[in-house]
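Enquirer: Now for the letters of each chain:
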Amino acid sequence: MTQYFIRRLLLIVPTFIGITILVFVITRFVPGGPIERMIAEVQQAAMQGGAGTMQSTTSGIGGATLDEDQIRQLEQYYGFDKPVLVSYWDWLIKVVQFDLGVSTRYSEPVWDTIRERLPVSAFYGITTMLITYFISIPLGYLKAIRHNSHFDHASSVVVFIGYAIPSYVVGIILLVVFASNLEWFPMGGFYGDDFDDLESKWEQAADVFYHAALPLMAYVAGSFAVMTFMMKNALMDNLAADYVRTAIAKGMPFREAITRHAMRNSLIPIATHFGNNISVIIGGSFLIEKIFNIDGLGLLGYESIVERDYPIVMGVLVISAILQLVGNILSDICVAVVDPRVQFR
Amino acid sequence: MPVFNFNPLTLNKIKRFKSIRRGYYSFIIFTLLVLLSCAAEMLVNSRALVVAYQGQWYFPTYGDIIPGTQLGFEYEYETNYRVLKKRLQGSDSGFVLLPPIPYNPYETDLKNNQFPPFPPSFEDQHYLGTDTIGRDVAARLVYGFRTAIFFSLILLVVSYLIGVSIGAAMGYFGGLFDLLFQRIIEIWSNIPFLYVIMIVSSIMIPNFYTLIAIILVFGWIQMTWYMRTVTYKEKAREYVMAARALGASHKRVIFNHILPNTISIIVTFIPFSIANGIIALTSLDYLGFGLPAPTPSWGELLSQGSNNLESVWIVSSVIVAMTVILVMVTFIGEAIREAFDPKKHTTYE
Numbered sequence: 001m002t003q004y005f006i007r008r009l010l011l012i013v014p015t016f017i018g019i020t021i022l023v024f025v026i027t028r029f030v031p032g033g034p035i036e037r038m039i040a041e042v043q044q045a046a047m048q049g050g051a052g053t054m055q056s057t058t059s060g061i062g063g064a065t066l067d068e069d070q071i072r073q074l075e076q077y078y079g080f081d082k083p084v085l086v087s088y089w090d091w092l093i094k095v096v097q098f099d100l101g102v103s104t105r106y107s108e109p110v111w112d113t114i115r116e117r118l119p120v121s122a123f124y125g126i127t128t129m130l131i132t133y134f135i136s137i138p139l140g141y142l143k144a145i146r147h148n149s150h151f152d153h154a155s156s157v158v159v160f161i162g163y164a165i166p167s168y169v170v171g172i173i174l175l176v177v178f179a180s181n182l183e184w185f186p187m188g189g190f191y192g193d194d195f196d197d198l199e200s201k202w203e204q205a206a207d208v209f210y211h212a213a214l215p216l217m218a219y220v221a222g223s224f225a226v227m228t229f230m231m232k233n234a235l236m237d238n239l240a241a242d243y244v245r246t247a248i249a250k251g252m253p254f255r256e257a258i259t260r261h262a263m264r265n266s267l268i269p270i271a272t273h274f275g276n277n278i279s280v281i282i283g284g285s286f287l288i289e290k291i292f293n294i295d296g297l298g299l300l301g302y303e304s305i306v307e308r309d310y311p312i313v314m315g316v317l318v319i320s321a322i323l324q325l326v327g328n329i330l331s332d333i334c335v336a337v338v339d340p341r342v343q344f345r
Numbered sequence: 001m002p003v004f005n006f007n008p009l010t011l012n013k014i015k016r017f018k019s020i021r022r023g024y025y026s027f028i029i030f031t032l033l034v035l036l037s038c039a040a041e042m043l044v045n046s047r048a049l050v051v052a053y054q055g056q057w058y059f060p061t062y063g064d065i066i067p068g069t070q071l072g073f074e075y076e077y078e079t080n081y082r083v084l085k086k087r088l089q090g091s092d093s094g095f096v097l098l099p100p101i102p103y104n105p106y107e108t109d110l111k112n113n114q115f116p117p118f119p120p121s122f123e124d125q126h127y128l129g130t131d132t133i134g135r136d137v138a139a140r141l142v143y144g145f146r147t148a149i150f151f152s153l154i155l156l157v158v159s160y161l162i163g164v165s166i167g168a169a170m171g172y173f174g175g176l177f178d179l180l181f182q183r184i185i186e187i188w189s190n191i192p193f194l195y196v197i198m199i200v201s202s203i204m205i206p207n208f209y210t211l212i213a214i215i216l217v218f219g220w221i222q223m224t225w226y227m228r229t230v231t232y233k234e235k236a237r238e239y240v241m242a243a244r245a246l247g248a249s250h251k252r253v254i255f256n257h258i259l260p261n262t263i264s265i266i267v268t269f270i271p272f273s274i275a276n277g278i279i280a281l282t283s284l285d286y287l288g289f290g291l292p293a294p295t296p297s298w299g300e301l302l303s304q305g306s307n308n309l310e311s312v313w314i315v316s317s318v319i320v321a322m323t324v325i326l327v328m329v330t331f332i333g334e335a336i337r338e339a340f341d342p343k344k345h346t347t348y349e
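Read top to bottom, the protein sequences are chains A and B. If you read the first sequence in this note's numbering, its first letter stands for residue 1, the second for the next number, and so on. If you read the second sequence in this note's numbering, its first letter stands for residue 1, the second for the next number, and so on.
Bear in mind the hints are in silico, worked out from the structure with no lab data behind them. Predicted model, so just to flag it, every value in this text is computed and none were measured. Glycine included, C-beta positions come from ideal geometry on N, C-alpha and C. Don't take each hint at face value.
Pulled a few chain A residues facing chain B out of the computed Cβ check, cut under 8 Å [said to hold, decoys possible]:
no., residue
1, 160
2, 163
3, 175
4, 176
Turn these sequences into a full structure, and let the hints steer you where they fit.
Expert: Okay, structure coming up:
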């Protein structure tokens, strides 16, 4: 078993290199990289500088653009002067030392920028997970116990709708109804403008949750459907299993048979699902964070793609790839810990 | 003589599917909508269906444009049939029959001294209003549906073709081939694919087919993995051994024995793949990394709508459309799954 997980951990390395090299090479062959952007910016600045400065610039017509030397300097600065694989190697060495480079847009270390945003995304991820468990386990339990009842059918429709609509569309619906029309909740952001002026920690927490209400609802809507069905199906499978039948046959009360036997076993798949959730939260967060304008990892990744800020693009990719890889392994470890019958080889 | 010769088992499944009304009716409505969208030019179009003008009949829907000069205007470009209709109203020289929604998804319908978006109005026949540059929302919704549905159908067919062939080969032949692809899939499935697709399509502006290709790069995995497991299980069963013992070739075993037995599992995946295709396209369009600008698409409408929340008709019409379609597809999927694999549980009273 330990051997298996060590092998899995080691497999992260080739996977990680595979992913990053792919994206690194892609970003390298792109027009509109940081240097082109800088040239454009300089040109724009010269245009805006207007006619007044025209005479004072010494180099005449070509003065607005960067000259060859400057471009070469920039290329050197960003490592664009070396072959792709060489600069990938340089980049990789730096990553291993937790140096993700410097953002071309903010001119500050990528790692700092990401570290600033990560807690925001993590807050949403963890809270969503807790709320989802809180809804799905009782709901799945009730649906399994009252299988084929009116309650079951009615709640199935709700769960199906929750399953069918992607969570960011739910987010937009919530935004239209509760923020734009009813004005019960703010339009977005992680906290309000007056956050720093708030007196106590409680008020600050209340402010964060006030802003988080709609995005959280959207996140939960995206994840509770699968979880509820998983809970229901697992419980129904266990209820139909022989050991529950035996327990009831020997005279154990039905409730007790569920709580002592069936329920315990049904929680296994639920408990181990969270590893997969890590990736879901990261994947879905581009859209929800963009809609609600939350300064998390997803929005950072999205903006850096739009702005072609490749150090950040690569940084976000590194973080999310590692989280996803580790999440998968964690969830397998959970399976093995919770259920001793499972054997990984 | 029926067209399809289903065996009794399949007939039984179809019967079960029909008995699940929620899914069956969704299936009928959805199929109808897809068929109707194929003929969208006759329902939503700026070109008239029929024009009778000075004793001559015209059917402008399909075919070349009819220049304005031919129908009594001074200009050489395409006739504006809505103007023509107004002009011919009450005169004896002819008539114009317009489609129910007389706008195409690309034209902007502007008014003097007013700026779009315009709210829904029956007078202008903008039943769902116009978007921020004056294009008819209903028209863009219909054509956007057609784009999305054919996008995900093509995606489905190609990814299933790849998935079934590689997956079946992996499961049936095993060995080095299996091992190789297992590793590839393991690496591939750990890539945060939405992110990478965003990066790729921010670099090259994709068209309809290149976008399918980009998504395919990641989309083949699920089916391949599933097919591998299923083939692996089927291969171990006696009928395969019996067929081999009788001298059947690998080709015959795969195509005549194993594949027919796995079809039922493939079928249950189809509706969910369709939904995923629609969602993928819409998300990418929403983020601005999907199809290029003037293409009518739900994601583009969604992003317009959520940027202009005060023009509530844009966002609400696209959300209603999306919800209805996706919920229907999910109902179909659930019904098919239920029909193909009915779970009969012991329940206690």
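Enquirer: Taking the hints in turn, state whether each one holds.
Expert: To see whether the hints hold, each was checked on the structure:
1. 160: Holds, because the Cβ-Cβ distance from residue 160(A) to chain B comes to roughly 5 Å (cut-off 8 Å).
2. 163: 6 Å, holds
3. 175: 7 Å, holds
4. 176: At about 6 Å, which falls below the 8 Å cut-off, the nearest Cβ of chain B leaves the hint on residue 176(A) intact, so it holds.
Of the hints listed earlier, there is not a single one the structure fails to meet.
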